[in-house]
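Chains as they are written, first to last, in our numbering: chain Z, 1 to 159; chain E, 1 to 298; chain W, 1 to 435.
Hints are computed from structural coordinates only; laboratory data are not their basis.
Just so you know, not all the hints are guaranteed correct.
Claimed, not checked - Here are the simulated EDC-like pairs of lysine to aspartate or glutamate, each with C-alpha atoms no more than 20 Å apart in a straight line: (1) Z:K85 / W:D197; (2) E:K88 / E:D5; (3) E:K2 / Z:E153; (4) E:K43 / W:D163; (5) E:K2 / Z:E44; (6) E:K2 / Z:D95; (7) W:K27 / Z:E78; (8) W:K33 / Z:E146; (9) Z:K118 / E:D82; (10) E:K43 / Z:E44; (11) E:K56 / Z:E57; (12) W:K287 / W:D197; (13) Z:K143 / W:D12; (14) W:K144 / W:E129; (15) Z:K85 / Z:E70; (16) Z:K118 / Z:D83; (17) Z:K3 / W:E112; (18) W:K27 / Z:D20; (19) W:K78 / W:E58; (20) E:K56 / Z:E70; (21) Z:K3 / W:D93; (22) W:K27 / Z:D32; (23) W:K33 / W:E164; (24) E:K2 / Z:E18; (25) Z:K13 / Z:E78; (26) W:K15 / Z:E57; (27) W:K15 / Z:D95; (28) E:K2 / Z:E126; (29) W:K292 / W:D163; (30) W:K292 / W:E174; (31) E:K241 / E:E274; (32) E:K241 / E:D208; (33) E:K86 / Z:E126; (34) Z:K3 / E:E166; (35) E:K281 / E:D209; (36) E:K56 / Z:D73; (37) Z:K143 / W:D93; (38) E:K54 / Z:E70; (39) Z:K143 / W:E112.
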Amino acid sequence: MNKITVHCTVNHKPVAVEIDPNKRLLDMLREDLNLTSVKEGCSEGECGACTVIFNGEPVTSCCVLAGQAEGADIITLEGVSVDGKPDVVQQAFMDAGAVQCGFCTPGMILTAEALLAKNPAPTEEEVKQAMSGNLCRCTGYAKIVEAVLLAAERARGGV
Amino acid sequence: MKPFDFYAPTTVDEALELMHKYQDSVSVIAGGTDLVLELNEYKATPAVVIDLKKIKELNYIRVEDGVFRIGAMATHASLAADQAVKEKVRILHDATRQVGSPQIRNLGTIGGNIAQSSVAGDGLAACVTLNADVTLRSVRGTRTMSINDFLAGEGAQKRNILAADELLTEISFPVPDTKHTATAFYKLAKRKSLAISVIGGGMVVTVDDNGVCTHASMRGGALGRYPMHFADCEALLVGKKLSYAAMLETLPIMHDQILEANRSRPWSVFYKKEGAQGVFKKLFADILGQLGIEEVQE
Amino acid sequence: MSMKNYAVLAQDHVKVDSLEKVMGTAKFAADYKMPDMLYGGVFRSTVPHAYVKKLNMEKARALPGVACVLDHTAIPGKNRFGIIFKDEPCLVDDKVRRYGDAIAVVAAETPELVHEALGLIEVEYEELEAISTFERAMEEDSPKVHGNTNVNVTKHLEYGNVDEAWEKCDVIVENTYSTHILSHMFIEPDAGIAYLDEQGIMNVIVSTQNPHYDRNEVAAMLGVPQNRVRVKQAVTGGGFGGKLDISVQLHCALMALYTKRPVKMVRSRSESTMVSSKRHPVTMKCKTGATKDGKLVAVDCYMTCDAGAYSSYAPAVIGRAPVHIVGPYECPNVRCHAVFAYTNNPMCGAFRGFGVPQAAVCHEGQMNALAKALNMSPLEIRMINAHHVGSVIPTGQELTESVGFLDTLTQARDKAAEVMPEALDRLMKTEEGGL
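Extracted from the complex, chain Z is given alone in its bound form:
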């Protein structure tokens, strides 16, 4: 097996990672780049905990090989906060009580970020649809949906 070098942009910075090809993007982010906010919950694309924003779209990083990240623009939760402070979505998750055990939270926030970047004023149904690939076992989702709507409203200058 020949090692490969993956060149990509992670959290707004260019990186080059020398890695065995039999590693997933999830492994590369967690192990090689120490971005441990990316969580492994099911390893089969079902739970959404390992969601990252990949070229603007949310994808489950357990379904992507490290080599496939060549040339990609990747955002993890570490790349969302502003000057070490929570951004509008992160703050809304705190304020709405959308965080319990916290394991699904990184994937939830990233999926919400990707949604709001495309659709700054989603309806409740659109939020539910967009977040449907992220499972949460604690909250029952109501407060998560509330948080995303709150973030959207605040970002548009309301509240």
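Could you slot chains E and W onto chain Z? The hints should help.
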């Protein structure tokens, strides 16, 4: 994961050369939503993995001379978002927008779904109902065939007809004349998102100016190894004036066919035969509404 | 009801640890890394009930990059643990009691090497009949999962005089209810890391709901005093009762002891689901009597359960479920006899409610059945029997304060009348018969 060498060619020719060179020791990533999991669980142990994501010439959705041409690397998300597909081919729109989850739809591709030929493949069921053509390429040449032939014959032994060095590159079918032809897909699953189809029903119906059915295609995904073909139901509709009542008459035939086909799995027969009829009632209502023939209230 | 101005109640509060969690800096067990760290894995049984005749670990040990391969003979202290009864082995010594029992553990330099080494371990079983139902477990000629009986635990509740009460009943309904086994499916698979520090203290950082119990178990397994073990709960990604039992703690600590290096274990989803505890599936055969005006007179329930291969929290669940068999309703005569059995199925343990949700399936079903038999609305019969201040429950306890059930029912009914009149209307009809 077992060690493997990784290639990400940027052209089809490059990919075909690699596949020709490595033959059976190759696994190809179209979307990765099946293969990467299989690699991770040591269920797939190829010596070489070829990623097709960088091949731009395989990622398109276009209409040419009255024919829809869809590149194998078009994602479920891009098909679900495509305006022409939404307006003209509801069956494909409705099938692709319900695959997996938003994350999975961003990765998974129609070509991967068809090449994988999973029992519960929604995109596959839609394309089979449409009787779409698939184009296969290798260094040895190009062949185009109906998707039903792709799944049949020698292909049925090993999931489909694809050879080890062959790539599915395109799906094509005539643009439906939506004045006379309606298409629909309905998915019965255990939950709204992230669900594998329990039953994925597809239907295509064409009527003439008098509302008489001239063509019908009815398929049920996840009912057997391949989308089940309800040929007797179709035959019953063709030549009749299309109505909800006429369509309901096909259900007893469907019931018997599912019962017969699933005899070896008696535990699933009960809900499959009931479920399929529920799914097709939804499809009937959808089709009749699209053609402006009848408003069905359930 | 007036609301005082409390400091905490009815005030908005940001959850204390939510900042780290939204920033992605909260450290869950799998996020820990240490210099010189090894990865651990478990060789598990693929049969539910069997003697281990031969175990060959030599090929695995010979694989370069493997630091240790250990079986039960490596355990310095006790090889039995369990939250109440000590009936589960850290590593199988006498026999396998369920699919997925831990037989050996491996520590190696990479997760891939762990996988390869596990594939090199060879085992030979002498298979025994697998007990997969409560009924088979209770038969005299069935093989015994532990010791000389498959009865794991029993409980008997007797209140009033049930036998004499039946003649006071105008209506009696008898039904059998079964609930099913259920996985917690906490979103973070079990994980942990163990290491010996400079003072020789065994440190275990783990995803757990029960760090103090974990410390006792680790100390007992290592054969050291409790002050030689320190267990730290990592930020834990959900448990719902499923992380009260031991998961990776003992295996990590055992391998850290032998290798003198930190050992990290992260279960896959399938491994976690295979061996973590489950909700007890309970069958309740219940006879309930009432007067013609709807007052409960007597309840008699026989409750059985396939509790799986190990006891876990069964003694606690069997204490709760019978006590709640009448639910939040007054009844002067109650009997509940409960028997939980050992089988070779997955182990059942704590799961939100400790058996009370299972009992609820029974008492709510019986209330609906009574309502139907008496031609009353399901809501009315509940209001007639609802607990209030002064009610005495089947344990003999008098409820002296804070009994909000009737208030809740009344307010829910009034709100429903306002916002969902049609649904309430259906509910009030006797033939719909269900809440």
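Here is how each hint holds up against the structure:
Among the hinted pairs, K85 of chain Z with D197 of chain W is inconsistent with the structure: their alpha-carbon atoms are about 35 Å apart, more than 20 Å. For the hint pairing K88 of chain E with D5 of chain E, the CA-to-CA distance comes to about 42 Å; that exceeds 20 Å, so the pair is violated. The hinted pair formed by K2 of chain E and E153 of chain Z fails the criterion: a straight-line CA distance of about 48 Å is larger than 20 Å. As the CA atoms of K43 of chain E and D163 of chain W are separated by approximately 60 Å, the hinted pair breaks the 20 Å bound.
Restraint check: the Cα-Cα separation between K2 of chain E and E44 of chain Z comes to about 17 Å, which is no more than 20 Å; the hinted pair holds. A C-alpha spacing of about 45 Å is found between K2 of chain E and D95 of chain Z, which places the hinted pair above 20 Å, so the restraint is violated. Between K27 of chain W and E78 of chain Z the CA atoms are separated by roughly 13 Å; this keeps the pair inside 20 Å, and the hint holds. Taken as a hint, the K33 of chain W and E146 of chain Z pair is broken in the structure, with Cα atoms around 35 Å apart against an allowance of 20 Å.
For a cut-off of 20 Å, the pair hint linking K118 of chain Z to D82 of chain E stands: about 16 Å separates their Cα positions. In summary, the hint linking K43 of chain E to E44 of chain Z is supported, as the alpha carbons are separated by about 13 Å, within the 20 Å threshold. A threshold of 20 Å between alpha carbons decides the hint, and for K56 of chain E with E57 of chain Z the separation of about 18 Å falls inside it, so the pair holds. Our distance criterion of 20 Å between C-alpha atoms is broken by K287 of chain W and D197 of chain W, whose separation comes to about 59 Å.
For the proposed pair K143 of chain Z and D12 of chain W, the alpha carbon gap of about 14 Å is at most 20 Å, so the pair holds. Distance restraint check for K144 of chain W and E129 of chain W: the Cα-Cα separation of roughly 10 Å lies within the 20 Å cut-off, and the hinted pair is therefore satisfied. A hinted pair counts as satisfied when its Cα atoms are at most 20 Å apart, and K85 of chain Z with E70 of chain Z does not qualify at roughly 30 Å. Taken as a hint, the K118 of chain Z and D83 of chain Z pair is broken in the structure, with Cα atoms around 23 Å apart against an allowance of 20 Å.
Restraint check: the Cα-Cα separation between K3 of chain Z and E112 of chain W comes to about 16 Å, which is no more than 20 Å; the hinted pair holds. As the CA atoms of K27 of chain W and D20 of chain Z are separated by approximately 26 Å, the hinted pair breaks the 20 Å bound. Distance check on the hinted pair: K78 of chain W and E58 of chain W sit about 25 Å apart at the alpha-carbon level, beyond 20 Å; violated. Distance check on the hinted pair: K56 of chain E and E70 of chain Z sit about 14 Å apart at the alpha-carbon level, within 20 Å; holds.
Of the supplied pair hints, the one linking K3 of chain Z and D93 of chain W is violated, its CA atoms being roughly 43 Å apart against a limit of 20 Å. Pair hint K27 of chain W plus D32 of chain Z holds up; C-alpha atoms about 17 Å apart against a cutoff of 20 Å. For a cut-off of 20 Å, the pair hint linking K33 of chain W to E164 of chain W is broken: about 66 Å separates their Cα positions. For the hint linking K2 of chain E to E18 of chain Z, the alpha-carbon distance of about 18 Å falls within 20 Å, and the restraint holds.
Of the supplied pair hints, the one linking K13 of chain Z and E78 of chain Z holds, its CA atoms being roughly 12 Å apart against a limit of 20 Å. For the hint pairing K15 of chain W with E57 of chain Z, the CA-to-CA distance comes to about 30 Å; that exceeds 20 Å, so the pair is violated. Restraint check for K15 of chain W and D95 of chain Z: satisfied, since their Cα atoms lie roughly 9 Å apart, inside the 20 Å limit. The suggested pairing of K2 of chain E with E126 of chain Z is violated, with an alpha-carbon distance near 40 Å, which exceeds 20 Å.
Proposed proximity of K292 of chain W and D163 of chain W is supported: the alpha carbons are some 19 Å apart, at most 20 Å. A distance of roughly 16 Å separates the Cα atoms of K292 of chain W and E174 of chain W; the hinted pair therefore holds under the 20 Å criterion. In summary, the hint linking K241 of chain E to E274 of chain E is not supported, as the alpha carbons are separated by about 26 Å, beyond the 20 Å threshold. Restraint check: the Cα-Cα separation between K241 of chain E and D208 of chain E comes to about 9 Å, which is no more than 20 Å; the hinted pair holds.
Taking the CA atoms of K86 of chain E and E126 of chain Z, the gap is near 18 Å; set against the 20 Å cutoff, the hint holds. With a C-alpha separation of about 27 Å, the suggested pairing of K3 of chain Z with E166 of chain E is violated against the 20 Å cut-off. Between K281 of chain E and D209 of chain E, the direct Cα distance comes to roughly 24 Å. Violation of the 20 Å bound is thereby established for this hinted pair. For the hint pairing K56 of chain E with D73 of chain Z, the CA-to-CA distance comes to about 17 Å; that is within 20 Å, so the pair holds.
The hinted pair formed by K143 of chain Z and D93 of chain W fails the criterion: a straight-line CA distance of about 48 Å is larger than 20 Å. As the CA atoms of K54 of chain E and E70 of chain Z are separated by approximately 9 Å, the hinted pair is consistent with the 20 Å bound. Between K143 of chain Z and E112 of chain W, the direct Cα distance comes to roughly 39 Å. Violation of the 20 Å bound is thereby established for this hinted pair.
In summary, the structure is inconsistent with hints 1, 2, 3, 4, 6, 8, 12, 15, 16, 18, 19, 21, 23, 26, 28, 31, 34, 35, 37 and 39 from the numbered list given earlier, while agreeing with the others.
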